[in-house]
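Trainee: Sequence:
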Amino acid sequence: MKISKSILMSLAAVLMALPLACRKQSPAVAIIPRTTATLLWEPMHLGAVETARAKEIQIYWNAPADEGDSERQLGILKSCAAGKYRGIIFAPDETLDSRSAVLDLVRRRIPVVLVDDELGPPAGPFLSYVSNDETKGAELAAARVASILRGHGSIAVIGISPRSESGVSREEAFEKALSQAAPDVQISDRRFGDTVVAHQQQIAQQILHAPDRVDAIVALTATATRGAYYARTASVPHSSVPIVGFDQDALLPLRSGDVDSVVVQDTRTIGQTAMANLDAQMRGEKTAPLTLVAPLLMTRETVDSPGIRHLWQFADYSWEQQGTDKQ
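First residue of the sequence shown? That's 6 in this note's numbering, and the numbers climb one at a time after it.
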C-alpha cells in the first residue's frame, strides 16, 4: 500500500511538471542573412530578436562568412529546412539560385519571410516579403546628387548588381529618380559590381583617372561604396569627387567627409517586421504580402541623429538572454 501511494505521488509530480516543461519549450526559427557581423545585417538581427523574445521564440542565426557565397548560403538554408525549425527568414544572396529552394519550402508548408529580394513567387499563407523601399532610397540618392551638383553635371554609377532582383531594381529606380530630380545630370559611366572591395576600388580608380572627368560617383552597394572611398583617398592628388553610397558599412569615411552620404537601410525595423510576419504565418494568421521599409539618408550632419543611432544599438544589446542562439 505504501509502495502504491509512493508511485501515485511520483506520477502526480511528473504530471504537474509536464505543463511547466511544455511552456519552456518555445518554437525555434532560423534566420539566414547574406552574411553576418556587419552594420547592414546586425541591426536586422537585433530587430528580429527583440520581436522574438517578446513572443518567446528562439532564434538560430547563421550565414556565410563572406557575402557572395550563395552556394554556402543555400547549404545553410537546406540544412535548416531539414531541421527542427518551424519557420525561416531568408535574405537571398542570388535571386535565381534561391527561387527553387524557397518554392520547395512553401510546398512543404514551412513559413518563409523573404527579406530584401522579391524572388517572384506570389505571397500566400506560407510566404511574405519584407524589403527595403528601393524607390524611396533612389529618390534620396537622386535628390542628394541634384543638391551637390546643383542640377548639372555628369556622374558614374558603380556597383550595379545583376545577381539579385533588389540590385537590378535599385539601379533602375535611381536612374528614373535622377531623371526627375535633375534631368541635366547625365550618367556618363555605368559599371557592374561584385562583392570584392579591391575590384570595386580598381573600377573607381579607372573612373577617377579617366580623361572625361565625372562630377560625382554613385555607389549602389556597400562594397562599391568602400571601393570608391579607397580609390578617392589613394588618388594623387587627393580627389574631391563626392561619393554617394548605398547600404551602411563604415562610419569613419562619413565623419571625415571622404564619403558625402550613404542611403542606409533600416534593417532593425526590417528584422522586427519580418519576425512579426513569421510568427503570424506560423499561427495561420494573415500577413501583408509585401512590406516596404523606408531607408534613411546618412550624412556627416545626421550620422549621430537618433534615427541613425538606433541602428547601432546591437553593440550594447544583451545577446546571452534565454531564447537566442547567436552564431
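Calculated directly from the structure, the hints in this document are not laboratory data.
In this text, a Cβ means the ideal position worked out from N, Cα and C, and glycines have one as well.
Do not take every clue at face value.
Across the chosen pairs, the derived CB separations fall in these ranges [what the hints assert, rightly or not]:
#, residue 1, residue 2, range
1, GLN211, SER152, 19 to 29 Å
2, HIS243, THR307, 16 to 26 Å
3, LEU297, ALA255, 19 to 29 Å
4, LEU257, ILE192, 25 to 35 Å
Trainee: Would you mind marking each hint as holding or not holding in the structure?
Mentor: Against the structure, the hints come out as follows:
1. GLN211 - SER152: 19 to 29 Å: With Cβ atoms ~26 Å apart, the hint holds.
2. HIS243 - THR307: 16 to 26 Å: For THR307 against HIS243, whose Cβ atoms are near 25 Å apart, the range 16 to 26 Å holds.
3. LEU297 - ALA255: 19 to 29 Å: Holds - the Cβ-Cβ distance for LEU297 and ALA255, about 26 Å, lies within 19 to 29 Å.
4. LEU257 - ILE192: 25 to 35 Å: Once the Cβ atoms are compared, 28 Å apart, the range 25 to 35 Å for ILE192 and LEU257 holds.
In this structure, none of the earlier numbered hints is contradicted; all agree with it.
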